[in-house]
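Engineer: Here is how the chains run, residue by residue.
Protein chains: 2
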Amino acid sequence: MQFGLFGGAILHLGTQRHHDAYLADTIAGRLLGCFAMTETGHGSNVQALETTATYDVETGELVVSTPSDSARKDYIGNAALHARLAVVFAQLVVGGEPRGVHALVVPLRDEDGNVLPGIRIEDCGRKIGLNGVDNGRIWFDDVRVPRDALLDQHAEVREDGTYFSPIENPDRRFFTMLGTLVQGRVSVGGAGINASKVALAVAVEYALRRRQFGAPGSGQEEILLDYGLHQRRLLPLLARTYALHFAQERVRTDLHAVFSNLDAPEHERRALESRAAGTKALGTWHASATIQECREACGGAGYLSVNRFDALRADTDVFTTFEGDNHILLQLVAKGLLTDYADEFENLDQLGMMRFVAGVAVDTVIERTSVHKLLDRVRDVLPSGDPEVDADAGILDTSYHLNLLRWREEHMLAGVARRLKRGMDDGGDPAAVFSHVQDHVIGAARAHVERLLLESFVDKVATMPDDANKASMQLVCDLHALSTIEADRAWFMEHGRFSNARSKAVTAMVNELCRRVRPIARDLVDAFDIPREMLRAEILGA
Amino acid sequence: MQFGLFGGAILHLGTQRHHDAYLADTIAGRLLGCFAMTETGHGSNVQALETTATYDVETGELVVSTPSDSARKDYIGNAALHARLAVVFAQLVVGGEPRGVHALVVPLRDEDGNVLPGIRIEDCGRKIGLNGVDNGRIWFDDVRVPRDALLDQHAEVREDGTYFSPIENPDRRFFTMLGTLVQGRVSVGGAGINASKVALAVAVEYALRRRQFGAPGSGQEEILLDYGLHQRRLLPLLARTYALHFAQERVRTDLHAVFSNLDAPEHERRALESRAAGTKALGTWHASATIQECREACGGAGYLSVNRFDALRADTDVFTTFEGDNHILLQLVAKGLLTDYADEFENLDQLGMMRFVAGVAVDTVIERTSVHKLLDRVRDVLPSGDPEVDADAGILDTSYHLNLLRWREEHMLAGVARRLKRGMDDGGDPAAVFSHVQDHVIGAARAHVERLLLESFVDKVATMPDDANKASMQLVCDLHALSTIEADRAWFMEHGRFSNARSKAVTAMVNELCRRVRPIARDLVDAFDIPREMLRAEILGA
Chain A
21 MQFGLFGGAI LHLGTQRHHD AYLADTIAGR LLGCFAMTET GHGSNVQALE
71 TTATYDVETG ELVVSTPSDS ARKDYIGNAA LHARLAVVFA QLVVGGEPRG
121 VHALVVPLRD EDGNVLPGIR IEDCGRKIGL NGVDNGRIWF DDVRVPRDAL
171 LDQHAEVRED GTYFSPIENP DRRFFTMLGT LVQGRVSVGG AGINASKVAL
221 AVAVEYALRR RQFGAPGSGQ EEILLDYGLH QRRLLPLLAR TYALHFAQER
271 VRTDLHAVFS NLDAPEHERR ALESRAAGTK ALGTWHASAT IQECREACGG
321 AGYLSVNRFD ALRADTDVFT TFEGDNHILL QLVAKGLLTD YADEFENLDQ
371 LGMMRFVAGV AVDTVIERTS VHKLLDRVRD VLPSGDPEVD ADAGILDTSY
421 HLNLLRWREE HMLAGVARRL KRGMDDGGDP AAVFSHVQDH VIGAARAHVE
471 RLLLESFVDK VATMPDDANK ASMQLVCDLH ALSTIEADRA WFMEHGRFSN
521 ARSKAVTAMV NELCRRVRPI ARDLVDAFDI PREMLRAEIL GA
Chain B
21 MQFGLFGGAI LHLGTQRHHD AYLADTIAGR LLGCFAMTET GHGSNVQALE
71 TTATYDVETG ELVVSTPSDS ARKDYIGNAA LHARLAVVFA QLVVGGEPRG
121 VHALVVPLRD EDGNVLPGIR IEDCGRKIGL NGVDNGRIWF DDVRVPRDAL
171 LDQHAEVRED GTYFSPIENP DRRFFTMLGT LVQGRVSVGG AGINASKVAL
221 AVAVEYALRR RQFGAPGSGQ EEILLDYGLH QRRLLPLLAR TYALHFAQER
271 VRTDLHAVFS NLDAPEHERR ALESRAAGTK ALGTWHASAT IQECREACGG
321 AGYLSVNRFD ALRADTDVFT TFEGDNHILL QLVAKGLLTD YADEFENLDQ
371 LGMMRFVAGV AVDTVIERTS VHKLLDRVRD VLPSGDPEVD ADAGILDTSY
421 HLNLLRWREE HMLAGVARRL KRGMDDGGDP AAVFSHVQDH VIGAARAHVE
471 RLLLESFVDK VATMPDDANK ASMQLVCDLH ALSTIEADRA WFMEHGRFSN
521 ARSKAVTAMV NELCRRVRPI ARDLVDAFDI PREMLRAEIL GA
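Here the protein sequences come in this chain order: A and B. Quick note on numbering: the working numbering labels position 304 of the first sequence as 324, and the sequence is numbered without any gaps. Quick note on numbering: the working numbering labels position 42 of the second sequence as 62, and the sequence is numbered without any gaps.
Keep in mind the hints are simulated off the structure, nothing from the lab. Be careful, since some hints might not be right.
Which copy? The list can't say, so a pair holds if one copy fits it or any two copies do.
The list that follows gives simulated cross-link-like pairs (lysine to any residue, SDA-like), each with its CA atoms no further than 25 Å apart [unchecked claim]:
#1 K490 x Q232
#2 K490 x I47
#3 K524 x R426
#4 K524 x E506
#5 K490 x R439
#6 K480 x E553
#7 K524 x A452
#8 K480 x D161
#9 K524 x G448
#10 K480 x N134
#11 K490 x D335
#12 K490 x D180
#13 K490 x G210
#14 K524 x R438
#15 K480 x D130
#16 K524 x R439
#17 K480 x T418
#18 K490 x D479
#19 K524 x H456
#20 K524 x A434
#21 K524 x R538
#22 K524 x D360
Full structure from sequences and hints, please.
Structural biologist: As structure tokens, this is what we get:
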């Protein structure tokens, strides 16, 4: 909140005078700020924000107003108690003309922490987690700030009341402003993945120490992780955590590359935004699922707060929602794929996107995805002849895994493009057309991100020296790839990629890979190198 | 805890003198008690408890001891602060001979609440939820209680140190004692299902009020529940909640029938235990999944404690663990199915069960499941000829849904029996054989419970008068049936029950059914008739 969002907005949306005035104090923690974007009625749809910032040419001031309760700023971290300054997103009105959403700085409190006149603040109250953050609501009652409060990197208001922006298209301007805030999304994705590591470290260690039932005749109960079911519950999640770790590494690298190159092409910036959005969505859903499975796998001990799942779960739960709701982020990913980040990309709303796809894009999407070429590649390694005999053939071939995920992505994407076009051509109500195709849109985006995850993992293994570590990572990569494919094996059968026998063979191989990973399970969580102070679960005797 | 478990144990395991001494005060709340079964090292495997109760023939007393820290009683509700009396489960030793786990009453505190000599109690500390319950740990240091503290409905210790039980087999005695405690499990299942109703009532109402994005050109944003994806997220969960409600109704009816008939046949008692276990497992997992999906579907508002998901989630989270870990309960269900609740049922441990199945039971299981007969019935309504043309044929036929679920259950069960037999015949290590087959065992049990759920729903609809309510319930039943089948469509394809086209048709029909349920979504949550004071979510303006 303080550094990534408040500081990030000052840095990326502001200009020199804002940097000079605020950045040093922000970094030192002398100036606490907040990022006031979301409103009660407007979360995902930022362009529909209602708060206004109207330029008064008489006084040279911007007047910030909250026109209704649905327009109050909501869930704003730092707002309830601490922030002295807010970056406020509002509809800018200049010369009576609406100019779209812009950001400006508005003081909330004086040096002594008293709320300033015209501003009303309310605490959001208790939340599922993150109760150390003072989320609050803010109303502005015609609050006046000087003209230069506008963060004017991408648009300025001149003293005489003329408005100027180097980006003419207002949608494009809006998405350019938002795009600079991508690192918040990157941080949340990373935090989710790290939380998964902690949960798995605790649950795997517990499963290696705990005995219960069984081992008939041995006089000793059996280690939990020697049960096939317990392996199934934890080890594919462990493999996927590795995949996400490497995917996140790639996002970080791309972020540095794009941010350190002022001349980075638009296409690269958009690809980064898409990759960050997809990794955040899958990484944070993974965190929720993993922490929950680990809690249950530790039984009653998992329910005690002292074993950490309580705070881990509560604090990360909102990750699937903030910095972009995961489903909305996947729609953003799909939009990028369907339009290939065309120049039009950023000024396409939902209807515009549908029209674009149904018009120019449908053929290029279908051509680009070139289903037929890949089809042959996937077929090459499919078993032929008696399916019961060679259902296992090539089942651990990494290029086969990659080709399956590529084929799925391309097939789904082309299918979405065709359905959107057909719906639009038939003259259907665009909202109804989109509603019908929406799960397919989300599915295509997810298929794309799954392919990226596996590619990052495969790329990483390829760079490792030929030693035991590489062999272990290949094993984990195989488990991740096959359990991902297994989860969607119905789709692969439906689309003729799997015989029934092949599908069963995939499930059997996932079980087999779990047994192979079992002996290195402890090494795999140790390799996360989680600092001791992050692992203070009582279960671990820490 | 107070009534179901502590009171239930006194009632069902004790005899007249215990009833006279404790029941009236227990019901009135004058005597607070606890149920001290679980130990730190022994949760699911109750037969391995370490606490001992040794009869001292010299003094006519039972001596209760905690031999090690893994034997301390743990997670015991009411123990940390309030309980004056505990029902303690311990290994009974009479005349130097171990007699297995028995229950006895042990005073923990005096009238003023002071912990008695020889007893040490520790608070379990903060938990994910249910922090109004004072879960604690108890150690016994040679605590002496009179002989008649033994709850002696099923076994007694005579003054001269002879032991007598009408149930000769010790395993059978143990399971008989535990079986009487089934109503705790029934209550937890019901509580989970009710929590799902509350979550859905909040999330559906929110989805009907909230607008975001879209409806291009209309000037107004679109209602969340008009989005296909949002329908997909909430409505199958709503349909399943109805299925569980009716299944739970059946469990309650059976419980009353069995408990009000002292001569109820053993077979009925065991079938009740199995039905209660299965409904509890699926009902509590459903609660966790539903509350989470509803939280996310309400976005940031769902994260605020004032909207109820916080407490709902936290308090119900442990339901999947206590009163029997869900996976262990499904293994119990599978054991009953594999042995058909044979007389041997209750004295079969894991190894015994495997030997029994591999020996006498395999043929009867396979014969009983009579796959071939059902196969024809399922085939009858399968599309024939061109699969693209008649993939929808009979897809909404309730008997087709039932037959599919029956066929799956029977096929899986016969498969498990065969695999256990093959593994045992091949002389494999029993623990390894079980570990390999375990996910199949759990799958078969789950398939069985899914069939029971659908049958309860279908039975209920059949009893309704022919009116609009019945038509609505049939629609919800169809959605539940087809989304259950869809979730396992890979299995149906793998086993030749679905063509690829049929499988796709099922998914398309689930989407279509969601659209049909959409207009009655509010009625469906209103029909839960949840008391206003249980629905005090701020989202609802309550």
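Engineer: Each hint should be assessed against the structure and marked as holding or not.
Structural biologist: Outcome of the hint check:
Taking identical chains as interchangeable, the C-alpha atoms of K490 and Q232 are never at most 25 Å apart, the minima being 34 Å within one chain and 48 Å between chains. In this assembly of identical chains, K490 and I47 lie within 25 Å of each other by CA distance neither inside one copy nor across copies; the values are 40 Å within and 64 Å between. In this homomeric assembly, K524 and R426 come within 25 Å of each other (Cα to Cα) both inside a single copy, at 21 Å, and across copies, at 21 Å. In this assembly of identical chains, the alpha carbons of K524 and E506 lie at most 25 Å apart whether taken from the same copy (9 Å) or from different copies (17 Å).
Proximity of K490 to R439 under the C-alpha cut-off of 25 Å is found in neither arrangement, the shortest distances being 43 Å within a copy and 35 Å between copies. With identical chains, the CA atoms of K480 and E553 are never at most 25 Å apart, being 29 Å at best within one copy and 55 Å at best between copies. For the homomeric pair K524 and A452, the shortest alpha-carbon distance between copies (21 Å) is at most 25 Å, but the shortest distance inside one copy (38 Å) is not. Taking the closest pair of Cα atoms, K480 and D161 never come within 25 Å of each other, the shortest separation being 54 Å inside a single copy and 57 Å across copies.
Taking CA atoms no more than 25 Å apart as the test, K524 paired with G448 passes between copies only; the shortest distance there is 23 Å, against 41 Å inside one copy. For the identical chains of this complex, K480 and N134 are neighbours neither inside a copy (52 Å) nor across copies (62 Å), given an alpha-carbon limit of 25 Å. Taking the closest pair of Cα atoms, K490 and D335 never come within 25 Å of each other, the shortest separation being 34 Å inside a single copy and 44 Å across copies. Taking the shortest alpha-carbon separations for K490 and D180, neither the intra-copy value of 65 Å nor the inter-copy value of 69 Å comes in at or below 25 Å.
In the homo-oligomer, the alpha carbons of K490 and G210 lie at most 25 Å apart inside one protomer (24 Å), although the nearest pairing across protomers, at 50 Å, exceeds that limit. Proximity of K524 and R438 under a CA criterion of 25 Å is satisfied inter-copy only: 17 Å between copies versus 31 Å inside one chain copy. For the identical chains of this complex, K480 and D130 are neighbours neither inside a copy (51 Å) nor across copies (65 Å), given an alpha-carbon limit of 25 Å. In this assembly of identical chains, K524 and R439 lie within 25 Å of each other by CA distance solely across copies; the values are 15 Å between and 31 Å within a copy.
Proximity of K480 and T418 under a CA criterion of 25 Å is satisfied intra-copy only: 13 Å inside one chain copy versus 51 Å between copies. Within a single copy, K490 and D479 get their C-alpha atoms as close as 12 Å, which meets the 25 Å cut-off; across copies the closest is 57 Å, which misses it. Taking identical chains as interchangeable, the C-alpha atoms of K524 and H456 lie at most 25 Å apart only when they sit on different chains, with a minimum of 15 Å there against 32 Å within one chain. Within a single copy, K524 and A434 get their C-alpha atoms only as close as 28 Å, which misses the 25 Å cut-off; across copies the closest is 17 Å, which meets it.
In this assembly of identical chains, the alpha carbons of K524 and R538 lie at most 25 Å apart only when taken from the same copy (22 Å versus 36 Å across copies). Taking the closest pair of Cα atoms, K524 and D360 never come within 25 Å of each other, the shortest separation being 36 Å inside a single copy and 28 Å across copies.
Of the hints listed earlier, those the structure fails to meet are numbers 1, 2, 5, 6, 8, 10, 11, 12, 15 and 22, in rising order.
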